[in-house]
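Sequences listed follow chains A and B, in order.
For the first sequence, this note's numbering gives the first residue as 1, with consecutive numbering after it.
For the second sequence, this note's numbering gives the first residue as 1, with consecutive numbering after it.
None of these hints come from the bench; they were simulated from the model.
Don't be surprised by glycine CBs; every beta carbon is placed ideally from N, CA and C.
A few of these clues could be false.
Said to hold, decoys possible - Chain B is nowhere near these chain A residues, computed Cβ spacing over 10 Å in every case:
#1 Arg18
#2 Ala31
#3 Arg74
#4 Gln82
#5 Gly83
#6 Arg95
#7 Met116
#8 Thr122
#9 Asp131
#10 Ala192
#11 Gln198
Claimed, not checked - Computed from the model, here is a short list of chain B residues facing chain A with C-beta under 7 Å:
#12 Leu134
#13 Ala138
#14 Gly145
#15 Arg151
#16 Val158
#17 Phe162
What follows is each chain in one-letter form.
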Amino acid sequence: MKTPFVAAVRAIVSKDLRAEWRSRELVSAMALFSLLTVLVFSFALELDKSAREAVISGVLWVSLIFASLLGFNRSLSLEHDQGSLDALLLAPVSRSALFVGKLLGNFTFTMLVALMLLPLMTALYGVNLLDGWALLTTVVGVFGFSAIGTLLATLAVQTRSREALLPIALLPVCLPFLLTAVRATKGILGGAPQSEWQVWLQLLATITSIYMVLCLLLYRFVLEE
Amino acid sequence: MTQLKSDSPLVASPQPRLLRALTMLTALGFAGCLVLGLLVAGTDIQQGQVQRIFYIHMPAFFGAFTAFGATVLGGLVYLWRGSEAWDRIALAGVEVGLAFALINLLTGAIWARPIWNTWWTWDPRLTSAAVMCLTYAAYLMLRAGIENPGRRRSLMSVYGIFAFVSVLLTLFIIRIVPDTIHPVIVGASPQNAQGSFEATSGVLLALLPSMILWLTVMPITLMWHRYRLALRQEAVDALKLKALGG
Numbered sequence: 001m002k003t004p005f006v007a008a009v010r011a012i013v014s015k016d017l018r019a020e021w022r023s024r025e026l027v028s029a030m031a032l033f034s035l036l037t038v039l040v041f042s043f044a045l046e047l048d049k050s051a052r053e054a055v056i057s058g059v060l061w062v063s064l065i066f067a068s069l070l071g072f073n074r075s076l077s078l079e080h081d082q083g084s085l086d087a088l089l090l091a092p093v094s095r096s097a098l099f100v101g102k103l104l105g106n107f108t109f110t111m112l113v114a115l116m117l118l119p120l121m122t123a124l125y126g127v128n129l130l131d132g133w134a135l136l137t138t139v140v141g142v143f144g145f146s147a148i149g150t151l152l153a154t155l156a157v158q159t160r161s162r163e164a165l166l167p168i169a170l171l172p173v174c175l176p177f178l179l180t181a182v183r184a185t186k187g188i189l190g191g192a193p194q195s196e197w198q199v200w201l202q203l204l205a206t207i208t209s210i211y212m213v214l215c216l217l218l219y220r221f222v223l224e225e
Numbered sequence: 001m002t003q004l005k006s007d008s009p010l011v012a013s014p015q016p017r018l019l020r021a022l023t024m025l026t027a028l029g030f031a032g033c034l035v036l037g038l039l040v041a042g043t044d045i046q047q048g049q050v051q052r053i054f055y056i057h058m059p060a061f062f063g064a065f066t067a068f069g070a071t072v073l074g075g076l077v078y079l080w081r082g083s084e085a086w087d088r089i090a091l092a093g094v095e096v097g098l099a100f101a102l103i104n105l106l107t108g109a110i111w112a113r114p115i116w117n118t119w120w121t122w123d124p125r126l127t128s129a130a131v132m133c134l135t136y137a138a139y140l141m142l143r144a145g146i147e148n149p150g151r152r153r154s155l156m157s158v159y160g161i162f163a164f165v166s167v168l169l170t171l172f173i174i175r176i177v178p179d180t181i182h183p184v185i186v187g188a189s190p191q192n193a194q195g196s197f198e199a200t201s202g203v204l205l206a207l208l209p210s211m212i213l214w215l216t217v218m219p220i221t222l223m224w225h226r227y228r229l230a231l232r233q234e235a236v237d238a239l240k241l242k243a244l245g246g
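If we strip away everything but chain A, and leave its shape as in the complex, we get:
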């Protein structure tokens, strides 16, 4: 008998959250890394008053994606190294439940980092990122690249030089998210009328849905038999 979908997802997510709560390894590393990325950008691009409006949303999204790479790699290589992925595969759990469980865990961790970055960047650069729409864009975008990131991290842990290969595999495929999310965030930050940036948010949601469906369909092929 198979474990019901929701119960399986809940079990996997709560396992990931509990492990993270006890070690506090992943989120703190991701948070620190994203902070450093923001700082590096600030110095490298000399983010002053005139430059920041245009580039701030780009800095936000690139920092988020970089930090999430760290998280995806860690979350899947832990499963792989300790053989727990094999155990999960033996368990009577549907493959898509496995995917959704890992995805929700990764999404939560990346979202935590985002929730730290948004107020911080608001304070640092004097722009208003604490806007409902900006938050919605963040949720949709982070969800989208967490989906493809979870799938590709599962793929990458099975390769020889996995830490190096995940960014190479993920960054090009992430580009549609980066493009639309940056445009939407930029419009929202710049105070443009909703009609101007709404289309980017809609595009982002569309791309996220397409990727989600593809990931759900293809995840079982990425898992070891």
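Place chain B on chain A using the hints.
Coordinates of chain B only, in the frame set by chain A:
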């Protein structure tokens, strides 16, 4: 050196007649298209001779499109049916498509130097075309990094399907991000496009045969040759395993 026996897997099976015909057609067609593009078509009034590179530039992108499309098809059928042949087709598609995509980038840069006064600019379409090349380069790196052949085939089928997003992005990006200077030949060019020209009957005469050749015959022929190469590589690997195993 020992003589190979004719039934050894290292001796290539003779090329099927269709493949020979296709190879001939590709070679002759390519020469013919060069004649059409370089000699028959008129010189562009504004851009001069450099416009002729377009007869290779755009067809090369569509050749890459066909080849990368074959990768998606190969990936889907492999995941569905599990036959290794389709994985070889997928790999052939990536290698042939990547070569075409690089030709596309290179010819574009050569054209842009006199027309845009720069080899490269961070235009949305140029950027996405470059990302497309990197995506498929990533495919080859990933593929080389997976040791188990069965795992390699199914993982790479999945990645080949996702990688196609970059092709679609390149194709449609100028519809979603209108601030491009890249000219559009089919349909109206964006108003800030630099160096566009009209597809007059003279241009079409040289372009159409070239398009058809690069879109169909050329990628299929090259992929077929690559497929046969993959078969022989597998034979060599099997022999190596046998030699090591005693």
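Hint by hint, here is what the structure shows:
{"no.": "1", "hint": "Arg18", "in the structure": "30 Å, holds"}
{"no.": "2", "hint": "Ala31", "in the structure": "28 Å, holds"}
{"no.": "3", "hint": "Arg74", "in the structure": "19 Å, holds"}
{"no.": "4", "hint": "Gln82", "in the structure": "19 Å, holds"}
{"no.": "5", "hint": "Gly83", "in the structure": "16 Å, holds"}
{"no.": "6", "hint": "Arg95", "in the structure": "13 Å, holds"}
{"no.": "7", "hint": "Met116", "in the structure": "29 Å, holds"}
{"no.": "8", "hint": "Thr122", "in the structure": "27 Å, holds"}
{"no.": "9", "hint": "Asp131", "in the structure": "23 Å, holds"}
{"no.": "10", "hint": "Ala192", "in the structure": "15 Å, holds"}
{"no.": "11", "hint": "Gln198", "in the structure": "14 Å, holds"}
{"no.": "12", "hint": "Leu134", "in the structure": "5 Å, holds"}
{"no.": "13", "hint": "Ala138", "in the structure": "5 Å, holds"}
{"no.": "14", "hint": "Gly145", "in the structure": "4 Å, holds"}
{"no.": "15", "hint": "Arg151", "in the structure": "6 Å, holds"}
{"no.": "16", "hint": "Val158", "in the structure": "5 Å, holds"}
{"no.": "17", "hint": "Phe162", "in the structure": "5 Å, holds"}
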